[in-house]
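What follows is each chain in one-letter form.
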Amino acid sequence: MTEQAIARETPATRGSTTAAISDWAQEVTALAKRWFIELGRERLNLVFSVAQPAIWLIFFGSGIGRAVDRQVIGTSDYTGFTLPGIVAFTVVGGGVAAAMPLMWDKEGGYLDKLMSMPISRSSIIVSRFVYQFVLASFQVAALVVVALLAGVSFELGPLAVVIILATAGLLSLAVTASFSALAYWVPGHGTFFAITGFITLPLVFMSNAFVPVEALPRWMEIVARLNPLTYAIEAMRLPIIKGWDGDILVALGVLGAFSLACLAVGASQFNRQTADRVQ
Amino acid sequence: MTAMIEARSLVRTFGSTRAVDDLDLQVESGEIFGLLGPNGAGKTTTIRILATLLAPSGGTARVCGFDVMTHPQEIRRRIGYVMQKISPTRNLLTGRQCIEMEASLYHVPRREVRARAEELLGLVGLLPHADRLFSQYSGGMQKRLDLACGLLHRPQLLILDEPSLGLDVQSRHKVWDYIHDLRRQGVTILLATNYLDEADRLCDRLTIIDRGRVVVTGTPSDLKRAVGADVIQVTTAEPAPLAAAIAGQPWLQRHAVSEAGELHAHVTDAAAALPALMGIAAASSIPLETVTYTRPTLDDVFLLHTGRELREEEVTA
Chain A
1 MTEQAIARET PATRGSTTAA ISDWAQEVTA LAKRWFIELG RERLNLVFSV
51 AQPAIWLIFF GSGIGRAVDR QVIGTSDYTG FTLPGIVAFT VVGGGVAAAM
101 PLMWDKEGGY LDKLMSMPIS RSSIIVSRFV YQFVLASFQV AALVVVALLA
151 GVSFELGPLA VVIILATAGL LSLAVTASFS ALAYWVPGHG TFFAITGFIT
201 LPLVFMSNAF VPVEALPRWM EIVARLNPLT YAIEAMRLPI IKGWDGDILV
251 ALGVLGAFSL ACLAVGASQF NRQTADRVQ
Chain B
1 MTAMIEARSL VRTFGSTRAV DDLDLQVESG EIFGLLGPNG AGKTTTIRIL
51 ATLLAPSGGT ARVCGFDVMT HPQEIRRRIG YVMQKISPTR NLLTGRQCIE
101 MEASLYHVPR REVRARAEEL LGLVGLLPHA DRLFSQYSGG MQKRLDLACG
151 LLHRPQLLIL DEPSLGLDVQ SRHKVWDYIH DLRRQGVTIL LATNYLDEAD
201 RLCDRLTIID RGRVVVTGTP SDLKRAVGAD VIQVTTAEPA PLAAAIAGQP
251 WLQRHAVSEA GELHAHVTDA AAALPALMGI AAASSIPLET VTYTRPTLDD
301 VFLLHTGREL REEEVTA
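Just so you know, the sequences run in chain order A and B. What the first sequence shows, in the working numbering, is residues 1 to 279, in sequence order. What the second sequence shows, in the working numbering, is residues 1 to 317, in sequence order.
Bound conformation, chain A alone:
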């Protein structure tokens, strides 16, 4: 129990940014490992999380799709059209799931233990994002397989899948940061579920997830154009049904800016809501 032993493990004395980054990576890895171990103990959770969006796609593509006017959606392939909507829906739901363990840690008291450790305040949220993004990748993979089996042709080929994954990642960052901030802010989990339950479905339906923006009633169209989900869906939809388009970059740009804003607002909100604490 000597000074030296402590000093050796202190980045300040190792005196470099590299050490600080290495410490941060160790923190995020250790926390993410916890989330994956927990997932491994609840494998049914994994099975249902991955199967659910694929089933939604089948339901929407083959069921609802038959009632859809092809003139309105601009393609004969409703499954391909709605695939990005299902991805967005899944990622938003994932954002709620991403924030839940943070709330349990807060309510169970373990957050205090974590806060008493010499860790960066961002590593907890980032570890949840890492976990959620890996899970989202599995979900996207399952969706793509189902879509291929259903005869969807991806105009941009494999690059379309890369763009879908990148978009899912950006969107996942935005919702994980937002819902984590919400989890830290609310007095208890009742409020958290009331608010997330209130937000998620309108967020998806007030977008172009299932209907093109132009086909929405005027007031919904305005809401949809303000809804960041619309841009995420646009960025994923174009590579599937149209092919390369400069609008993909525009949509990704809007989404990227929104995700960073979420992270900034989330972090400042986190600081404000924990102002009682020492930062």
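What the hints contain is simulated information worked out from the structure, not anything from laboratory work. We put the CB at the ideal spot given by N, CA and C, even for glycine. Treat the hints with caution; some may be incorrect.
Anything over 12 Å on all C-beta distances counts as not near chain A; from chain B, calculated [to be verified]:
#1 Glu31
#2 Met141
#3 Arg201
#4 Gly218
#5 Thr219
#6 Glu238
#7 Ala243
#8 His266
Each computed DSSO-like pair below joins lysine-lysine, with the alpha-carbon atoms no more than 30 Å apart [what the hints assert, rightly or not]:
#9 B:Lys174 - B:Lys224
#10 A:Lys106 - B:Lys85
#11 A:Lys106 - A:Lys33
#12 B:Lys85 - A:Lys33
On the provided structure of chain A, position chain B as indicated by the hints.
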């Protein structure tokens, strides 16, 4: 000898409540220091400020030489904190997974994580149960795991909030043994408790706090001595001759023979007076039937300084 904790005029308000009210605290390096008080006295609030979890509303606090407001990360690297509450959110991890995760969060070098975790699991006797789930641990085992987790980075100061709350007697004694071992290894320990016997048995020095303020600070024996005398009660067939025989002894403050015929000798220190009293009885050939003595407890200390009993509030806790 340097101060491990130095708090001056510490204040923490929650709305109009002053949970900590102008509190001074000085903990020296290498001692087991107790914060004793009833529930709601401000122990946990004080500890949360010192563990860099809560900003004080006023006053200053330095821990391991660093200010809690300006250098919290430096403090976090040097302290271990064991919370009162055992969080159930690790239920899906094994004991080993819990402690290895915390080792990484304390930046134990990656190659050493496994060995360090095993060393500390061994220290608290959990190595045979390392791969069982946290949810399958008894309350005592969970507490011991938390204690081990507080030691991963070899802290200079270990902060324990009610370390034996809710534990059975056997687990309590085990926890006390570890705390003593740690002190021998040079770790400074700050301990909050509302158990009188725990404070008495463990602490080198303690501060009794009540309603956010310091009531009195000292070693347990000094504090009790200040309350007054120990009482030796002697049952004998010949109380009067014995009373006459011990009269005038330097260790005797006063004495009386009770209605039941018992001799009550008020003495400065029963441990020293007992052999002397028995020696005199033997020399005067006075047969003794029973000899008992009662010492003031920390409860009497609390009563003396606050006019209330600590024990009542302990029972309702």
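Given as non-interface: Arg201 of chain B, partner chain A, CB spacing beyond 12 Å
holds, 23 Å
Mind checking the alpha carbons of Lys174 of chain B and Lys224 of chain B for me, to see if they're no more than 30 Å apart?
Between Lys174 of chain B and Lys224 of chain B the Cα gap is close to 26 Å, so the pair holds against 30 Å.
Least C-beta distance from Thr219 of chain B to chain A larger than 12 Å:
holds, 24 Å
Say whether it holds or is violated: Met141 of chain B keeps its Cβ farther than 12 Å from all Cβ of chain A.
The claim holds: Met141 of chain B sits with its nearest Cβ about 17 Å from chain A, beyond 12 Å.
Does Glu31 of chain B sit more than 12 Å from chain A, CB to CB?
Given a closest Cβ separation of 15 Å, the condition holds.
Between the alpha carbons of Lys85 of chain B and Lys33 of chain A, is the straight-line distance 30 Å or under?
At roughly 24 Å apart (the allowed maximum being 30 Å), Lys33 of chain A and Lys85 of chain B satisfy the hint.
12 Å Cβ clearance of Glu238 of chain B from chain A
holds, 58 Å
Given as non-interface: Ala243 of chain B, which should sit over 12 Å from chain A by C-beta:
Non-interface label on Ala243 of chain B holds, nearest chain A Cβ at 54 Å vs cutoff 12 Å.
Does Lys106 of chain A pair with Lys33 of chain A here, judged by a C-alpha cut-off of 30 Å?
holds, 19 Å
Just checking, His266 of chain B versus chain A, shortest CB gap more than 12 Å?
holds, 45 Å
Proposed proximity, Lys85 of chain B with Lys106 of chain A (alpha carbon, max 30 Å):
holds, 12 Å
Beyond 12 Å from each Cβ of chain A, as asserted for Gly218 of chain B
The assertion about Gly218 of chain B holds, with a minimum of 27 Å to chain A.
Checked against the numbered hints listed earlier, the structure breaks none of them; every hint is satisfied.
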